[in-house]
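Chemist: These two chains come separately, so use the hints to put the complex back together.
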Amino acid sequence: NAGVIQTPRHKVTGKGQEATLWCEPISGHSAVFWYRQTIVQGLEFLTYFRNQAPIDDSGMPKERFSAQMPNQSHSTLKIQSTQPQDSAVYLCASSLGKNSDYTFGSGTRLLVI
Amino acid sequence: GQQVQQSPTSLVLQEGENAELQCNFSTSLNSMQWFYQRPGGSLVSVFYNPSGTKQSGRLTSTTVIKERRSSLHISSSQITDSGTYLCAISLSNTNKVVFGTGTRLQVLP
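One line per chain: the protein sequences are A and B, in this order.
Everything in the first sequence is counted per the numbering used here, starting at 1 for the first residue and increasing by one.
Everything in the second sequence is counted per the numbering used here, starting at 1 for the first residue and increasing by one.
Just so you know, these hints were derived from the structure itself, not from any lab.
On a predicted model such as this, the values are computed, not experimentally measured, just so you know.
Keep in mind that a hint or two might mislead.
To be verified - Incomplete in silico selection of chain B near chain A, CB under 7 Å: (1) Asn30; (2) Ser31; (3) Gln33; (4) Ser42; (5) Leu43; (6) Phe99; (7) Thr101.
Beta carbons: idealized from backbone N, C-alpha and C, even for Gly.
Here chain B stands alone, though its shape is the one from the complex (with noise of 0.2 Å):
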């Protein structure tokens, strides 16, 4: 089955709208890693955040471990903030990194 699994698949919010993104994996891992994508672009670290509680502006990104979750919630939420929603894990066994499949953001005025 698949490690890491994002919820929703896909979300649209009005603008100023907070949006929760969820990511569960089903195995031990060194790190976990938020990413974020335009259409057609690279792939921009969101946050580094392996355990606990990270935030930088209007994002915020808890993981806890023994749950085998993380979040990342997205406040006042603006257009630029449309895009897609990675989360990768690096496993403890090989340190290979393994994406989830994303979420699909799209922010309307």
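Chain A with its partners taken away, still in its complex shape (with noise of 0.2 Å):
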């Protein structure tokens, strides 16, 4: 088990450009979460899928944030027009479902200069 997988660990981007994130969940887990993690705001909480499903995208920004699930093996969140604010640390978790526990991937540290 090599738990949850996300590429990159590191990503650089200039002012405008696109980011796509990657997560490979857990064999097995239905359900992919994806947040973000700055020192100001904490942990935020942004997708969920389950089952490949988008369940609750309340924490995702509107405009310029999008996330997929389109196989069980992988999500994206994709950030167009990369922003300064947008830099922050990005995690991925899986669960096996509800009442069940969740396991972190180690991030992707973004930064948008």
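Modeler: What follows is the structure, encoded as structure tokens:
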């Protein structure tokens, strides 16, 4: 069990460029979550999939952020026209489902300059 | 208001002292979990403890659902225990996980 795998570990983009972050959940886990962590805001929920279907995206900034889960083995978080305030650690987690514990990946550290 | 509150915000101990970290939540939940994070590190699960008491080595977690609280007790603290401890709850109506702001623990030699 390799755990939740996130790639890349680090990403530097120029302001206005697009960034795509990848997450491979633990095999068999039906729930996938995306979070963003900054020193100022702490851990912020972004979005959540269950059985590949989007369940709750209430934390997603509506205009430039999008997330997809095209198959059970990976999810992507895409940020268009990145801004410096998007700089953060983006964390992905997976879970077997309701009433189960969550396992986090190591995160992708995004820096927008 | 904030659904998950942790106390204290920060804690400094001498090596060998005990620590008691608190997590209070204001909503009904499916589950609760404690995580540990080093600066710049990833979130590592310490306990998945939706109710009752669990122990692992020097760590003990007690969750009392009716009182909407959970605690993490660290006995005989070590320098390597330093880091941030976060509690997280899974909301019963949405299954979304909400985190507290964490307790930053520093253990000094």
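Chemist: Hints broken by the structure, by number, lowest first?
Modeler: none
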